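Enquirer: Chain by chain, the residues run as shown.
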Amino acid sequence: MSELNHTPLYAFHQDNGGKMVPFAGYEMPVQYPMGVKKEHEHTRSACGLFDVSHMGQVLVHGANVAEALETLLPADIVGLEQGRQRYSLMTNDSGGILDDLMVVNAGDHFYLVVNAACKEQDIAHLRTGLGNDYRVEELDRGLLALQGPKAEAVMHRLCPAACDLVFMEHARFEIDGIPVWVSRSGYTGEDGFEISVPADACDTLARRLCEEEEVEPIGLGARDSLRLEAGLCLYGHDIDTTTTPVEASLIWAVGKPRRRDGERPGGFPGADVILHQIEARDHARKRVGLMGEGRAPVREGAELFDADGQAIGQVTSGSFGPSVGHPVAMGYVSVEYAEAGNSVHAEVRGRKLPMKIAKMPFVTPGYRRG
Amino acid sequence: MSTIPSNLRYTDSHEWVLDNGDGTATLGITDHAQEALGDVVFVELPEVGRELETGEEFGVIESVKAASDLYSPLTGEVVEINDALEDAPEAINESPYEDGWVAKVQLSDREQLESLLDADAYSRIVEAEQE
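First to last, the sequence lines map onto chains A and B.
1 is the number of the first residue of the first sequence in this note's numbering; add one for each residue after it.
1 is the number of the first residue of the second sequence in this note's numbering; add one for each residue after it.
No lab work stands behind these hints: they were computed from the structure.
Take the hints with a grain of salt, since some may be wrong.
Stated by the list, open to error - A few chain A positions that, by computed beta-carbon distances, are all more than 12 angstroms from chain B:
id, residue
1, L4
2, E39
3, E41
4, N64
5, R127
6, T128
7, G131
8, F167
9, A201
10, R207
11, D224
12, P257
Said to hold, decoys possible - Straight-line C-alpha distance at most 30 angstroms; calculated DSBU-like pairs for lysine-lysine:
id, chain 1, residue 1, chain 2, residue 2
13, B, K65, A, K19
14, A, K19, A, K38
15, B, K104, A, K352
16, A, K359, A, K38
17, B, K65, B, K104
18, A, K352, B, K65
19, A, K38, A, K356
20, A, K356, B, K104
21, A, K359, B, K65
If you're wondering where the values come from, they're calculated on a predicted model, not measured in any experiment.
Cβ atoms here follow ideal geometry from the backbone N, Cα and C, with glycine treated the same way.
The following block holds chain B by itself, in its conformation from the complex:
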């Protein structure tokens, strides 16, 4: 069973969102997503300054098996990206919620966080997929 921290918000496309409490949010992919992808060999990161719309593709994670798009859970501007993933993409597998974070976004609307799934709701999606 994969780890689903209770302090994060989630999407049904398996991204996680951490509310940094300062109007920004950090994004990544969930433990379940990295398990399903397998060994990550490449991450295509968005550019800092890019404006993201909810649901927009903003990057790609490639594993030995396949390429998988990243979808923005929120609307906002990319203010920081995890450059370390360029040389160490395996951080996504080893530490999906910490070292494997992908991007930090300045939110256009903080209220939008409330519309995302909480850990319980996301757990049910993961369980349903595994049946």
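Here chain A stands alone, though its shape is the one from the complex:
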């Protein structure tokens, strides 16, 4: 097994009693002494601090960079205003998803945040796809997520100007003299901020944030149950190269100007497949939310059946949702079963447990839309 990488917060995790596990090539805290469930609940009621420094942070420089990025991404990038962030996908020629990412218009360049496990491949894909006229620069920066209903109050004490941002806005500030790039976004369904910080100042900033009484460090375990309740996909589980954006219920990530009747139709990898599916709706399966009626968690890999015992799909992520109070999951089912309210059964240890197709998110988001 190859050596695991450390984020700039390795010492911080150890000092806080983090239980370290391998994740996407990094040694990361799955939980702290508080435990997954309490960490989850703390983030929903107060404020959690997450180390997401393992994710890839990339700058793309060059003339007409928005137009160039649209050759690789199906999002409306040209229409993304300066200081705004947008969720996007990298697609392949068959319409599958290579990664999901955040894209920020930072003025004369774009700032991208990609998944840790995909970052090398993503950077190579960007370099090949954009060609020599564009510079793709991987940054050595830490990334912190401050999430929860009290995140704004905490931020107000440290960096009041950042509280003027609304959901999916991005700007640069200083906190205690540390230059930070702040987005009002996250992966929990709560209001919050994602803070990019120079690697050598990441530890100082994390410890400073934890001095605030509302803030507790939160591990990957709670990060997963929080994002699941928020209905957000985990790359490699809920979406991958075998799922198209249409099958993944991510049509909204294909910008209106990029569709057949838009101003700049197609022009991204797999556009023929994806745009055809958007129009014809002839895809066979669809990503849906699932809520269990009992208490037994239904986990990734569980097979789904209809009332007659016919196999109709599979769970791609699942857990007990501490804030929902029921097992929650997402998975793919044949499109004829995809309507919310339909009853299905999930097989767990040889038993068929009743579940209902449910609208996502499972919790009401706390996003500050302004």
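With chain A's structure known, arrange chain B on it following the hints.
Expert: For chain B alone, coordinates are given in the frame of chain A:
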């Protein structure tokens, strides 16, 4: 360091056994096991009347992280189960040796209790795991 009461017997799969002195024994999972599992969200209990063989799976404990099988430390018949765990599975975390008990078994052979680990032997297993 987890609690390991001296009056109980143990298995290397982290179950505990209390000799009730009347031919029955009460079973549960140890403090060390609940710590390792994390927050318990669901317990699948055996049915009353089921005959258990030593080493047989007789239930499942699910935490937010993972599912973990329960293995019977003894041979005997399930005579009582802790129904309260269906609504309050967190009792396994909060009180693994009391409120978090799982099942009571009528023993086929009381002598079998002697073959289980005592607290000292179980402590050494836990210490070895933590190294």
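Enquirer: Does the structure break any of the earlier hints, and which numbers would those be?
Expert: The structure conflicts with hints 2, 3, 11 and 20, although it agrees with all the remaining ones.
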